[in-house]
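Undergrad: Quick note: the sequence shown uses the working numbering, first residue 1140, plus one each step.
Hints are computed from structural coordinates only; laboratory data are not their basis. Glycine residues also receive a C-beta, built at the ideal position from the N, C-alpha and C atoms. Treat the hints with care, since some could be wrong.
[Stated by the list, open to error] Pairwise CB distance ranges, derived in the manner of DEER restraints:
(1) 1386 to 1337: 22 to 32 Å
(2) 1396 to 1323: 27 to 37 Å
(3) 1278 to 1415: 27 to 37 Å
(4) 1412 to 1442: 31 to 41 Å
(5) 1443 to 1280: 27 to 37 Å
(6) 1321 to 1299: 19 to 29 Å
(7) 1451 to 1483: 16 to 26 Å
(8) 1396 to 1219: 54 to 64 Å
(9) 1356 to 1223: 56 to 66 Å
(10) 1320 to 1225: 30 to 40 Å
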Amino acid sequence: MLLQDLLPTATLVDAEAANQALGCEATGTPSLNQPNLLMPQDNPSPGSGYTDSKRSPQREPLFELGDVPAVQDRFHALLKHRLQSEIQKNPPLFPWESAVQDYEADPAYGSAKADFGSQDAASVEAKATSNIWNRQLRTLNLPVQVPGLVLGRLLKQCQQVVQSSLREGVQLVQAVEDLFPGEGQALNYLAGLVVASPARSGVATPTATAGANFPQSYEAAAPAQQMVLSLLAAREMIVTLTLAVSASQPTVARQWETEQGTLQLRATYNPDPTDLSIVVRAELPTGGRLAMNGAGFQSVAERRSPGSVGVELCDPEVGQVYMLETVLDGDETPLVFVVRIVEG
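Construct the entire structure; sequences and hints are all you get.
TA: Below you can see the structure in the form of structure tokens.
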């Protein structure tokens, strides 16, 4: 069961429930909305044109008394067929036409359009993978490699949802829901399994993945598998982007690989009421800027060369989320972390 391979805590019942949430049977066959009543097709004789007065008894639809929706559907089908027949026999003309004409596509235009489309797709791919922050995405510990375009979209969404105070499962769903429109029920169910599964850390050992029945690629994965892979990737991003400190764990460190080198962050929380504060120090691989935003307060530090910078926020409140923006020289797009003060 591939879902069980991706999520060790997922059981056969979980896999069947995920399939049902996706609108599929346990066998993986889509559950289609089959019509309750099969309507016969109109087959007018070749030379007689269309008539709706001569029908054989076998073509008479079987309606129950009072079955108004079925009668309406039948009427719409007949009307559509009649209009299609009329249009085929008498095609509409453009205002400048006196007779039907065939227009051939300009080969040069078609070639230019194809080139433009390929260049546009290539530029989008290049832009998505050339972001200075995307090097970290290639180090994610996932059972199957996820395309850079998907990871880039996830990173953008994760930087948004991480600033909220929502529960982890809700954050995961909001981070990936744009990739799977209309699959909210399945995403909620699978997010619960991802949250319940052990968090991945570091590098997976060869014995942990050897022989696992993983799909060959993200594109070859089933929809439920793609959802799980995206949720796992989003979870790693959110964990890395969050520095959660408390009285029992006052210091937390994070690092993020960039195209310029490694960015290192360390947040220290001082719960002493006489000196209540949060101090964040960053080791920048290049010149850059570090900014922490609080409730109506901002602390900013910057330097023009690689090295250490620090910011401090006084009188932080437990349960609050404080945004931490990092900008490196050569790319004005900030990477957003958050410092979260939790009880404990």
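Undergrad: Now tell me if each hint is right for this structure.
TA: Against the structure, the hints come out as follows:
no.	hint	in the structure
1	1386 to 1337: 22 to 32 Å	holds, 26 Å
2	1396 to 1323: 27 to 37 Å	holds, 33 Å
3	1278 to 1415: 27 to 37 Å	holds, 35 Å
4	1412 to 1442: 31 to 41 Å	holds, 33 Å
5	1443 to 1280: 27 to 37 Å	holds, 35 Å
6	1321 to 1299: 19 to 29 Å	holds, 21 Å
7	1451 to 1483: 16 to 26 Å	holds, 22 Å
8	1396 to 1219: 54 to 64 Å	holds, 58 Å
9	1356 to 1223: 56 to 66 Å	violated, 42 Å
10	1320 to 1225: 30 to 40 Å	holds, 37 Å
The structure does not agree with numbered hint 9 stated previously, though it agrees with all others.
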